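**Student:** Chain by chain, the residues:
Number of protein chains: 2
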Amino acid sequence: MPGGTDQTLRPFLWRAENLYSDTEIVSRTHEGIERYTYEEYSDRTAQLAHALTDAGMGEGDRIATFCWNHHRHFETYFGIPTLGAQLHTINPLLPDEHIQFIVENAADKAIFVDPSLAEKLAGAYDADSFDSVDQFVVMGDSVPDLPFDAVSYESFIGGHETEYDWPVVDQDQPAGMCYTSGTTGKPKGVEYTQQMLWGHTMATMTPQGLGVEDDDVVMPVVPMFHVNAWGMPFSTTAAGAKHVYPGPSPEPEDIAQLLEEEGVTITAGVPTVWLGLQEYMQAGNEVDLSELETVIIGGSAAPKAMIEWFDEYGVSVTHAWGMTEMSPIGSVAHLKSGLAEELTYDEQIERRAKQGLIVPGLEFKVIDDDGNEVPWNGEDFGELYVRGPWVTQEYFQRPEANENDFEGNWLKTGDVVTVDEDGYIKIVDRAKDVIKSGGEWISSVELENAIMANDNVAEAAVVGVPHERWQERPVAFIVPVEGADPDAVADELREQISEDYPKWWLPDDFIQIDEVPKTATGKFSKKDLREEYADQDLVEGQVPEEAAPDEE
Amino acid sequence: MPGGTDQTLRPFLWRAENLYSDTEIVSRTHEGIERYTYEEYSDRTAQLAHALTDAGMGEGDRIATFCWNHHRHFETYFGIPTLGAQLHTINPLLPDEHIQFIVENAADKAIFVDPSLAEKLAGAYDADSFDSVDQFVVMGDSVPDLPFDAVSYESFIGGHETEYDWPVVDQDQPAGMCYTSGTTGKPKGVEYTQQMLWGHTMATMTPQGLGVEDDDVVMPVVPMFHVNAWGMPFSTTAAGAKHVYPGPSPEPEDIAQLLEEEGVTITAGVPTVWLGLQEYMQAGNEVDLSELETVIIGGSAAPKAMIEWFDEYGVSVTHAWGMTEMSPIGSVAHLKSGLAEELTYDEQIERRAKQGLIVPGLEFKVIDDDGNEVPWNGEDFGELYVRGPWVTQEYFQRPEANENDFEGNWLKTGDVVTVDEDGYIKIVDRAKDVIKSGGEWISSVELENAIMANDNVAEAAVVGVPHERWQERPVAFIVPVEGADPDAVADELREQISEDYPKWWLPDDFIQIDEVPKTATGKFSKKDLREEYADQDLVEGQVPEEAAPDEE
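Taken in order, these protein sequences are the chains called A and B.
Residue numbering for the first sequence follows full-length UniProt numbering, beginning at 1 and increasing consecutively.
Residue numbering for the second sequence follows full-length UniProt numbering, beginning at 1 and increasing consecutively.
Next up, chain A with everything else stripped away, as it sits in the complex (with noise of 0.2 Å):
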């Protein structure tokens, strides 16, 4: 059979190395800012590399990653996939019973955490659940107090070969692995193949998608946990550009100074990342911002004041969509040809801020409840499905989820959308009840099912409302059963989901009401309580600042 070699991510480190191996990694980490080339990042991968083949681990095993965006971390990044194993990284904002679901469907072998993330694992670590893992790696020269056995990540690459044989590896083999918290039940596994990550890694570097050149120097601030940080170690390696890694728990100056004093000319992150940095600047901190020409954003839609905002020190806004079931990008606010010509400026912002133009590689249709296509007029609307090269066809061992949630080859995005005449989607309603709070999803089904669980409560409801800083956050309607002290039922509540969920999953509001609304089908109308509560004043301030998932 004719065809070429099979496509896998090897070749993208291999011509870093060769062509570009004077260029930086920058990272910040917990001992200070870190400074190599991709000369010693290849050395260092293959030593990974030779570390874990010494450790037993190879082809096909899942190996997981606890941590923030540092350069160990993009170390596991290729020396995993390439090695033939599978780069598992886990969001360790998760609930700890979440974590343990997920190890243990995983079935991981080994688990690099970092020290500040240490504990946090420790937390969620019962032996029965992390029965596969046969290694922790701690992420630096030291190994904390931990109720399992670890060695340091430099112990464990160190003395080491700084060459390796790479096996050939077939572009189905599975590369990398992300779970998505959907609405109800357990994290759903998405598998990366090494093809999907190919095909990602080339659509993002085109124009159409995020577009990396070899001068660029890209910083995600999206955290590496969250589908590969968007495919930026990919893009950014096999362009041959420098990266910066901003680190644990970025603050909004450790933000502003790297972007300064390395010279980022592209940078991504959640909403609430920037609105951290456009505050800190508002607070009389002056950051010079003349060598940013792109700021990605994505996890939730990016405000219009925002991208104005940007545009006054001349950094453009670029809005992208994305899922972790798309490895994860599928559409991108670029602003047409011939459309800054025709459009005013404030129907340019308009367009920037919709979920974009669909990247060239994959497709889409938008159906609305009768199973009808809906017509491209801005106004109608359906929920949006989509199909390619990089978007899964199934999640990992959920034969039911993967009976709800693809159509054929078509993944159910279960966002509601209009699109307009040029080709803009636009996310208008969710049609699955997740929260979005800072970037981090929410289940409100889970929350829900706390709720009722309490015997005080008749009935209960968790829907998103709009926030000014973390994008959405969670409110819960609960009828009490009769006789029950309200304030009392919310009080209970308050400290039990604060002791079993992460605190930034604590509902903002308890409202009691005498009956959750009903569709015509007997289902909660969440759309109606959401309504409701759009008409009453959030009281900003109330979700204590250290809640913030991405200051956890």
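No wet-lab data here; the hints were simulated from the structure.
In this text the structure is predicted, and so the values were computed from the model without any measurement.
For each residue, glycine too, the CB sits at the ideal point set by N, CA and C.
Treat each hint with caution, since some may be false.
[Stated by the list, open to error] Distance ranges between label pairs, derived from CB positions:
no., chain 1, residue 1, chain 2, residue 2, range
1, B, D370, A, P167, 22 to 32 Å
2, A, T53, B, E312, 29 to 39 Å
3, A, K518, B, G60, 48 to 58 Å
4, A, D170, B, E379, 35 to 45 Å
5, B, S498, A, D170, 48 to 58 Å
6, A, N372, B, E342, 55 to 65 Å
7, A, I367, B, P167, 44 to 54 Å
8, B, E373, A, T53, 17 to 27 Å
[Unchecked claim] Non-contacting residues of chain A with respect to chain B, defined by C-beta distances greater than 12 Å in every case (computed):
no., residue
9, D131
10, T344
11, D422
12, K436
13, H467
14, D500
15, D514
[Stated by the list, open to error] Under the rule of at most 25 Å between Cα atoms (straight-line distance), these lysine to any residue pairs were calculated in the SDA-like manner:
no., chain 1, residue 1, chain 2, residue 2
16, A, K365, B, V374
17, A, K412, B, D170
18, A, K365, B, Q171
19, B, K120, B, D134
20, B, K365, A, D22
21, A, K365, B, K527
22, B, K365, A, P2
23, B, K365, A, D170
24, B, K365, A, Q171
25, B, K527, B, V465
26, A, K518, A, V434
27, A, K412, B, P167
28, B, K304, A, L19
29, B, K412, A, L19
30, A, K365, B, L19
31, B, K412, A, W14
32, B, K365, A, W14
33, B, K365, A, L19
34, B, K412, B, E383
35, A, K436, A, V465
36, A, K412, B, N18
37, B, K526, B, P95
38, A, K365, B, D165
39, A, K365, B, D43
40, B, K527, B, V374
Following the hints, put chain B in place on chain A, whose structure we already have.
**Tutor:** Frame of chain A; chain B shown alone:
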């Protein structure tokens, strides 16, 4: 098994027709300038698919074109592969026997032929070799007198539905085919799978490839029978950009007119084309190049003087290298990050005139005579080996060539190269003795065999010598048998070759020698002959203008 959908060309067409329905496709044809939009393009492509289906053609069938660059040829570019069939572009400049061999070897089911090339095809036609061909279609709305039945393209597609329910096509399905002329024996077929063309399209869209944005206006002057016009019809569509096709035998004034009137921003062709434009402008014809941003030069090395000349007009020459076996782009001579500041202008030109930096996704190595990899020092040389997702791993039905030209999954390019410290590849010699005149291959071995078939010739060698206009021209060295009159032999050979081969294959000179110099292993040492000839003056004007391959 996890994974996304197969990588096929169809979603590129879908995206252009839906997101860029109003964007233009402009075509210089035998009947004048045609102009329509992606919307109409999509309609006509569907009509073509219906016509082919009705004629009994579909998945797996090879369908040939024998055409210049115009909108109808472009319609076959998506209409044929998206049906699951295989677009086989035949080079009409080849000798008749090669065309016969190619049609028979590929077993083409149909041939689409330009009116201006119908006579050439009729000359090559013989019922045996063309036995597989059920349908001839002439590109226009009428049919000239031909030795075979034919229909006009417009009557072939006319009246059919403008929507087609495209089949699901496997990414391993061959989508394209092109023959390459080697040094020995018959042309060799290279098949392009859907996945190869998908990967090539994505890679060439990146800034590290050729780079295409949706506001570009792209005019491939490189013929569409030359490895899909370097993939530009695909990448331009995937980007949603405007296409301009310069039609049959474009003269410098045609090219100049289209550049100006259509606002072309990116164009591409062999050096001879740009020499023609240069001469045209130097003869006093004013051409406005202010819209033109990039001239992609490939097929033969880009002369430094040409890069400098375009620089004066603010037009950037992008020198690219590739092969039929590589879909075809392999390397592009972009100036790397940092080098613009580090190097003098002359040093920059020197880099930009090299074959360049390998495109992301591919790998290469350079192997010396002892089988060792040579260091990247700009001095040591060896044969260039390449591999990657859009580099073929075999020739069509040619086991003996596969044995010679591949080693594992590496393609042995036959080019002898150096690689400098920055990774720029430079071709310094050709291991396979082919001659490249005006971007077209001439087989030295085939000419030698033809010459040695003459009873008055004892030994002969044909070599390529540098030529200002055509980059290279063939010169024959002959050893007449004892007693033969060298001048009479040369005259006989001229007549004989003129009859059997295209006139531009005729050697510029027949030089009598006593013996062909041999290498240590007894092979003809063409290197010595080339050096010997370099001391002589090549008589300019010896090649008649009309013998030029791109004006035939």
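**Student:** Are the hints correct? Go through all of them and say.
**Tutor:** Hint check results:
1. Between D370 (chain B) and P167 (chain A) the beta carbons are some 27 Å apart, a value that agrees with the proposed interval 22 to 32 Å.
2. Separation of T53 (chain A) from E312 (chain B) is about 56 Å and departs from the stated range, judged on CB atoms against 29 to 39 Å.
3. Between K518 (chain A) and G60 (chain B) the Cβ separation comes to about 55 Å, which falls inside the hinted range of 48 to 58 Å.
4. With their beta carbons about 38 Å apart, D170 (chain A) and E379 (chain B) fall inside the hinted range of 35 to 45 Å.
5. For S498 (chain B) and D170 (chain A), the hinted distance range of 48 to 58 Å is satisfied, since their beta carbons lie about 53 Å from each other.
6. Between N372 (chain A) and E342 (chain B) the C-beta distance comes to about 60 Å, which sits within the given range of 55 to 65 Å.
7. Separated by about 22 Å at the C-beta atoms, I367 (chain A) and P167 (chain B) break the suggested range of 44 to 54 Å.
8. As the Cβ distance of E373 (chain B) to T53 (chain A) is approximately 24 Å, the hint placing it in 17 to 27 Å holds.
9. The beta carbon of D131 (chain A) is kept farther than 12 Å from every beta carbon of chain B, the shortest such distance being approximately 24 Å.
10. Remark: the non-interface label on T344 (chain A) is consistent with the geometry, its nearest Cβ contact in chain B lying 19 Å away (cut-off 12 Å).
11. Not every Cβ of chain B is farther than 12 Å from the Cβ of D422 (chain A); the closest lies at roughly 7 Å, contradicting the non-interface assignment.
12. In this structure K436 (chain A) is separated from chain B by more than 12 Å, as the shortest Cβ-Cβ distance comes to about 24 Å.
13. Distance to chain B confirms H467 (chain A) as a non-interface residue, since its nearest Cβ pair spans about 33 Å, more than 12 Å.
14. Non-interface status of D500 (chain A) relative to chain B is upheld: no Cβ of that chain comes within 12 Å, the nearest being about 32 Å off.
15. Taking the minimum C-beta to C-beta distance to chain B, about 47 Å, the non-interface status of D514 (chain A) holds against the 12 Å cut.
16. For the given pair, K365 (chain A) sits about 52 Å from V374 (chain B) by alpha-carbon distance, which is inconsistent with the 25 Å threshold.
17. Of the supplied pair hints, the one linking K412 (chain A) and D170 (chain B) holds, its CA atoms being roughly 23 Å apart against a limit of 25 Å.
18. Among the hinted pairs, K365 (chain A) with Q171 (chain B) is consistent with the structure: their alpha-carbon atoms are about 22 Å apart, no more than 25 Å.
19. Distance check on the hinted pair: K120 (chain B) and D134 (chain B) sit about 19 Å apart at the alpha-carbon level, within 25 Å; holds.
20. Between K365 (chain B) and D22 (chain A) the alpha-carbon distance is near 20 Å, which keeps this suggested pair within the 25 Å criterion.
21. A C-alpha spacing of about 60 Å is found between K365 (chain A) and K527 (chain B), which places the hinted pair above 25 Å, so the restraint is violated.
22. At roughly 22 Å between alpha-carbon atoms, K365 (chain B) and P2 (chain A) fall within 25 Å of each other, so this suggested pair holds.
23. With a C-alpha separation of about 21 Å, the suggested pairing of K365 (chain B) with D170 (chain A) holds against the 25 Å cut-off.
24. Restraint check for K365 (chain B) and Q171 (chain A): the C-alpha separation of about 22 Å stays at or below 25 Å, so the hint holds.
25. Taken as a hint, the K527 (chain B) and V465 (chain B) pair is honoured in the structure, with Cα atoms around 11 Å apart against an allowance of 25 Å.
26. At most 25 Å may separate the alpha-carbon atoms for a hinted pair to count; K518 (chain A) and V434 (chain A) meet this at roughly 18 Å.
27. Annotation: proposed proximity of K412 (chain A) to P167 (chain B) holds, straight-line Cα distance about 22 Å (limit 25 Å).
28. Annotation: proposed proximity of K304 (chain B) to L19 (chain A) holds, straight-line Cα distance about 23 Å (limit 25 Å).
29. A C-alpha spacing of about 21 Å is found between K412 (chain B) and L19 (chain A), which places the hinted pair at or below 25 Å, so the restraint holds.
30. Using a Cα cut-off of 25 Å, the hinted pair K365 (chain A) and L19 (chain B) holds, with the two alpha carbons roughly 13 Å apart.
31. Distance restraint check for K412 (chain B) and W14 (chain A): the Cα-Cα separation of roughly 19 Å lies within the 25 Å cut-off, and the hinted pair is therefore satisfied.
32. Proposed proximity of K365 (chain B) and W14 (chain A) is supported: the alpha carbons are some 11 Å apart, at most 25 Å.
33. For the proposed pair K365 (chain B) and L19 (chain A), the alpha carbon gap of about 13 Å is at most 25 Å, so the pair holds.
34. For the hint pairing K412 (chain B) with E383 (chain B), the CA-to-CA distance comes to about 7 Å; that is within 25 Å, so the pair holds.
35. Simply put, K436 (chain A) and V465 (chain A) have alpha-carbon atoms about 10 Å apart, close enough for the 25 Å limit, and the pair holds.
36. Pair hint K412 (chain A) plus N18 (chain B) holds up; C-alpha atoms about 20 Å apart against a cutoff of 25 Å.
37. Between K526 (chain B) and P95 (chain B) the alpha-carbon distance is near 24 Å, which keeps this suggested pair within the 25 Å criterion.
38. Among the hinted pairs, K365 (chain A) with D165 (chain B) is consistent with the structure: their alpha-carbon atoms are about 15 Å apart, no more than 25 Å.
39. At most 25 Å may separate the alpha-carbon atoms for a hinted pair to count; K365 (chain A) and D43 (chain B) meet this at roughly 20 Å.
40. For a cut-off of 25 Å, the pair hint linking K527 (chain B) to V374 (chain B) stands: about 21 Å separates their Cα positions.
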